[in-house]
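Each residue of the sequence shown is one higher than the one before, starting from 0 at the first, in numbering that gives the first Met the number 0.
Accuracy of the hints is not assured; some may be wrong.
[To be verified] Straight-line C-alpha distance at most 30 angstroms; calculated DSS-like pairs for lysine-lysine: (1) K207 x K104; (2) K151 x K227; (3) K202 x K104; (4) K207 x K333; (5) K308 x K202; (6) K129 x K227; (7) K227 x K202; (8) K308 x K104; (9) K129 x K151; (10) K333 x K227; (11) K129 x K308; (12) K277 x K104; (13) K202 x K151; (14) K10 x K207; (15) K202 x K333; (16) K333 x K104; (17) K207 x K277; (18) K10 x K129; (19) K104 x K129; (20) K277 x K308; (21) K308 x K207; (22) K333 x K277; (23) K202 x K129.
[What the hints assert, rightly or not] Here are the computed distance ranges between Cβ atoms for each label pair: (24) S186 x H230: 19 to 29 angstroms; (25) A270 x E309: 39 to 49 angstroms; (26) L40 x F83: 38 to 48 angstroms; (27) S186 x L25: 35 to 45 angstroms; (28) V28 x H230: 17 to 27 angstroms; (29) F54 x R244: 24 to 34 angstroms.
These aren't lab readings, by the way, just hints derived from the structure by calculation.
C-beta atoms are modelled at their ideal positions from N, C-alpha and C, and glycine is treated no differently.
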Amino acid sequence: MIPSPKIPNLKFSTLMSRISWGYVILFAVWILLRLVFFDTLWWLAIINTVALYIFVPLLLLLPLALLWRQWRLLLGLGFPLGVFIAFYGSLFLPQLPVLAYKAVKPEITVMSFNMLFSNNDYDEIGRMIKANTPDIVGIQEVPLNGDAVWIKRFSSEYPYYAFRPVEEGHNVGIISRFPIENVTILSNPPMRRALSATVNVNKGGVNKSLQVIVSHLTPNYPSNEFIKFAHEWYTRRANEVTYIRTLIQQRRLPTIMLCDCNYVDTSQAYARTHEVMKDSFREVGWGFGHTYHGLFFPLGRIDFVWYTKELEAVEAWVPDGGGSDHLPVATRLKI
């Protein structure tokens, strides 16, 4: 005979059931508030930023409900599970092969990389770049005199470059295998650290001009004063996204944005950016793709390669290395 499943301690079972239903109720309240207010309330914006970790209790509660055959509870937990699938399910689907007839379009590889202003391990940066062979690199947190080091170290492979003058410790830059025709320092305010460059891509018999934006949106820094300044930071990022949306809507060229955006894909700032551009990693990447790590665990995907509908993403990945507290994100694009 097959032994019947062991009946759990009744008090513990009841306690876990109450905790589980409490979780479902609080989850439903969060979703309702998110639908009504999204990130307009600063404390709700913080919750939306760490939304991925709201789903962690499911790892314990779902198996227990299944083990103890609490079918109503299992149905209730199906609500947050369904939301998780809606938010993140597409990131774990197998990638369909690219059709052969599309392969005739030339491809370029672009990368966004926050190098960390205190990172002077250019040997490691060079190793990471060489391993991923990007044609264009957008760099954030370039320190004072860092532009001279980048030019000296990488000009043989990337003879075209532009850097925004350093303000308040660091700024942004771009290096390219293709000619840069002109550079515009984007308005300050609202964009404290951003530039736009017209890059003339000549590859595979195609001569095409692209607009490449390199941006570093308002960070949540210093982290020990997060609660004090959270409202200001989220407001400034919202203004920066509004400005970027205007640039994209007025564009004359296919556009790529290489961005340390300092928001995650469950934020309102992300949703508003996504209305005018495509997120390459969400389109063709796999997994969560965390690019920023804390001391003990990854905190989120806050670095992006965005592109407009005239382009097509083929592959996106998060390379290892670089010596920074951020990992780069790289994308192959058909032009």
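Ascending list of hint numbers which this structure does not respect:
When the structure is compared with the hints, numbers 2, 6, 7, 10, 14, 18, 25 and 26 turn out to be violated.
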